[in-house]
Amino acid sequence: MRITLMGALLVALMALPLGTNGAEQQSAGADGQPVQIHFPQRLRPQPAISRLGGPGNGGQGEAAKEARPVALVPRDTDNRKRSTANLRRLQQAPSLQEGSSCPGRDTSRFRKSVAITRFPLLDSDGAVLGRLDNVVRALPRMLNEELSSRETILMHQAFDRRLYDRAINAPTVQAVDRHLTRASELTRAMGVQFVISGVVRDIGVEDPGAWGTSAASWLGRGLGVANQQRRLAVDLFVYDGLSGVMVMSDRLEVRGEWDHAREAEVGFGTPAFAETEFGKRIGERVSGLADEVAVNLGCQPFIASVERVANERVRISAGADSGLRPGQTMELLRAERYLDQPQEYPALRPIGRTLEIQQVQPRFSSGQLPLEGGRINVQRGDRVVIW
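Per mature numbering (1 follows the signal peptide of the UniProt record, and there is no 0): the sequence shown = residues -22 to -1, 1 to 365.
Simulated from the structure, these hints should not be mistaken for lab results. From a predicted model like this one, the values you see are computed outputs, not experimental measurements. Among the hints, a few may not be true.
[Claimed, not checked] Computed beta-carbon distance windows for the label pairs:
#	residue 1	residue 2	range
1	252	180	17 to 27 Å
2	265	303	50 to 60 Å
3	166	192	54 to 64 Å
4	123	340	12 to 22 Å
5	166	330	44 to 54 Å
6	258	163	33 to 43 Å
7	314	127	31 to 41 Å
8	358	186	54 to 64 Å
9	346	265	39 to 49 Å
10	239	365	49 to 59 Å
11	163	252	26 to 36 Å
Every residue, glycine too, gets a C-beta built ideally from N, C-alpha and C.
Starting from the given sequences, assemble the full structure and let the hints guide the process.
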């Protein structure tokens, strides 16, 4: 008996790790290797074109590829120690909140103005069952309601506007840098910073025969053996209003059961629609999509247009609704166009001057320049920015 106990004790001692205890192992694991976190594709920075500077490259301004910082992606990727620390903080964070997505930057405190347009429907035949052809306005309205509750977004409705002449070719590509002229036109008309549009590519059922009038179809639906799945596929695009450059794209894909009768006129977004499995899944996905848009746009610079200049007084197209308060300082950017390319979007040039906000209204503000606007050539159409 004593020999057996001694043998069991020796086996237990041999199984213990040598040279370190459990706490030391955990510390080594935390400091010895960089923490790797894989971001979803939709939360990674989107490439964009930055146009800052004077004439160059054939009069088109300096164009430089850059990654827009979104979510909590470390900006200083060359510094291994700092990047590892940032990733560890992200791993410990409870969620990706809009307010904490841009550490050390002021821009996330201000609400970016966003207009959302109608989403054209490519296949109208797929929307016949249930009369879901109102998706072109109902889906943008659903996304609008979700975005309106986000702290970083100030929504404007443009459900009667469309960005694409032919939705089948969307997103319209007019240049290598993917800018869309009509987005800039809508921005000037509505005074917004970003434009959201999309294309509904599919909203049909997987098996149209399941809703047939034959006895077999009726029996299949009654027994629950028929394929009553319906699918939704939507491409979403977010454009910078000043330049028309696409700053974000995503795809919304949903599949769920559609259990309404063949002759039912349900309509997209109605209470009867929301009660179906298909409608519930769309609601969940749209809510998640709104979070992604808010995080992406939350870290973009806050930009407003100069609307009027009178001596030292300047009025801009953003106010208290956007988070501006008296005493806020904004940097002035000159919007420059070139005579040989009048349709090209303007290049923005910092002029080394700031504007101090003094009076704030809900949708506009006025501030004071250090000199008369005419002396430093500040005019309508220029921009003010908070980085």
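>> Need the list of violated hint numbers for this structure, in ascending order.
In response: 2, 5
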